[in-house]
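Engineer: Given only the sequences and the hints, what does the whole structure look like? Please build it.
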Amino acid sequence: MRIKLEKRQEPSKLMQVVTPIASVLLTMVVGVVVFDLLGIDGQRAVIDIFLTPLLASYKWQDVAVKAAPLIIIALGLSIGNRANVWNIGAEGQYIIGALCASGVGIAAGTAGGPIIIITMILAGMLGGSAWASVPAALRTRFGVNEILSSLMLTYVALQVLSYLVGGPWKDPNGRNFPATAPLQPDQTLPILFSGTTVHLGVAIAVVLPFVFWLLMSRSVFGYQIRVVGSAPNAARHGGFDGNQTVWLAMLIGGGMAGLAGALEFAGSLKAINLGFPSGYGFTAIIVSFLGRLHPIGCLIAGIVLAVTYVGGQVAQTTVHIPNATAGIFQAMMLFFILASDIFVRYRVRFIPSAKAVVQPAPGE
Amino acid sequence: MDFLIAAIITIVGISTPILLAGLGELVVEKSGVLNLGVEGMMLVGAIAGFAATVLTGNPWLGVIGAAVAGALAASLFGFFVLTLNSNQVATGLALTIFGTGLSSLIGLSFVGRIVPQFGSVFPPELARDPLLKVLFGYSPVVYFALIMVFAVGWFLKSTRAGLILRAVGENDLSAHSIGYSVIGVRYAAVAFGGAMAGIGGAYFSMVITPMWAERMTAGRGWIALALVLFAGWRAGRLLVGAIFFGVLMWMELNAKAGGLSFLSFAQYIPSQFWAAMPYLMTVVVLTLISMRDRVGLNAPACLGKPFLPAT
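Protein chains in written order, with the numbering used here: chain A, 14 to 377; chain B, 483 to 793.
Derived by calculation from the structure, the hints in this document are not laboratory data. One or more hints might be untrue.
In the DSS-like style, the derived pairs of lysine-lysine whose C-alpha atoms are separated by at most 30 Å in a straight line are [unchecked claim]:
id: 1; chain 1: A; residue 1: K20; chain 2: B; residue 2: K615
id: 2; chain 1: B; residue 1: K639; chain 2: B; residue 2: K787
id: 3; chain 1: A; residue 1: K283; chain 2: B; residue 2: K787
id: 4; chain 1: A; residue 1: K183; chain 2: A; residue 2: K17
id: 5; chain 1: A; residue 1: K17; chain 2: B; residue 2: K787
id: 6; chain 1: B; residue 1: K787; chain 2: B; residue 2: K615
id: 7; chain 1: B; residue 1: K787; chain 2: A; residue 2: K26
id: 8; chain 1: A; residue 1: K283; chain 2: A; residue 2: K183
id: 9; chain 1: B; residue 1: K738; chain 2: A; residue 2: K183
Examples of chain B residues toward chain A, derived with CB under 10 Å [to be verified]:
id: 10; residue: G583
id: 11; residue: S586
id: 12; residue: A708
id: 13; residue: Y761
id: 14; residue: M773
Quick partial rundown of chain A residues pointing at chain B, CB under 10 Å, derived from the structure [claimed, not checked]:
id: 15; residue: L174
id: 16; residue: S175
id: 17; residue: T296
id: 18; residue: I298
id: 19; residue: S301
id: 20; residue: P335
id: 21; residue: Q343
id: 22; residue: L347
Even for Gly, the Cβ is constructed at its ideal location relative to N, Cα and C.
Structural biologist: Here it is as structure tokens:
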């Protein structure tokens, strides 16, 4: 028997839904086997990483707070990925967004209230977009590969953060610890449910996917992004400007990453220290692929990835594996989802080979 | 004088891992593949080299173990990217996340262990001489890296296999049509890149700080990626670039320790400036390369694109 691939006329809608689910399930199965081989209780590890955060209600708020930045960043990145614009510097844009919000907070001093909070959020979005505009300008003006330039700028952003929190923005009352002063209580995002850590950013992360869905399916802009990505030549003939698409994709991607950074800062952490860069900008790339670059897919995938983060911490205490282990599962999910693209674009046929065809015995 | 000698020895030491990983990635990119998983492969190499040395007691076997582990990690990337045609950028990032997690997990049972060290390649009188140790006092891995600069440069420029590899990276469809196995060449290049990154990672756990710590390569894999671009995809310039980046990293270390008082202007420059420089310089060089088209010809035309033959 041999396997033959037939290209589909159109990507399979069914497979686009089935493959992400299958990838998560396959990751869990492979995870059990691999961990058992390494001498760790694999079943327990997989249950703790994937299921405990969902089953234990006191973990829900952690999942929601972790999912929010992942969803918001992934939404922005999906736009670019659809148009074949590869912004992999979201982590840097996220950091700069948070720093801009923090700058507003510092400038505001003891002033607080909705105006200050809204200004912080807008500053975060502008900061993220500004950081992303560098790769956009270099790509459209000089043809510099945006994958490489946006990645490089992430590491510059890390140093900007390290400089600011260890120098000019260091909390004067902070015992010389490199961190900004914590925000005033009336400068932080409102909490949605009292007694929890679920802040306004979570609500934004739930609403935005639907806004993006409408934008992508109903507007000329959404159409432009889809056409530029899937048929660049047709897009050019149709009058869609490639450079304009690059700019839009980078500015939206950067703006969303900056927004996520500002919300994480003003909603969760309230101060920025050297531990602020958490890799959300990179993990969001996994989210956008696991969500099949669809806004609602990003919402669901963001929750799945947040579960693995929270579950990783659970497994750290129950089966004593390092926190980074959750990364093995996150990477496996991405490996499987990328590999399963083949089922979306191709039809897999199993063709019996000549030898395997059983000849009817004479006389029958 | 003592200060200068100490500085040179430190700079050579911190340049070596990025040089090794950079040489590997250079060959990978020349074959038309962009593997962003360098950091992950270095970490896998770091723990594999450390573990193999602890278990066998022989640092040479450790280096071989690191190379094999790096190549295996790279082959995993190769399987998804080359056989299943998955997206190279995303798969490379996944490899880094995967390698970070896997190395932390395996490293768990090696925390606190110590490894036997390499002996000196040269007679101890030379290696310990206060002056001559600038030339003879390094780990064997450093000399291996230097040899590999010339080996890779010669391979790419002067051998038939190197020509085929460049052809595959430059125009995969043409190389395919005259009968070369594009996928085969790329698998070999990707595995070589992984082996070199693995050895580069092992340099951290076996030579720089002979112990295991989670994420101990501290982002140097990304500097190695920057280095390849900074060097404009040439082996010779990679060596110059590695030393230049080494000087910048050394400036950063010194600025952190407050030891740059010998440069009157430098005390006003924060350590983060030096740390950001390799990346900023790389963006500048990328822009210059893209502006001057002729120089840009060195960038492999098929970099990052999947190979999709018509049949």
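Engineer: Which numbered hints are broken by the structure, listed smallest first?
Structural biologist: Numbers 1, 3, 4, 6, in rising order.
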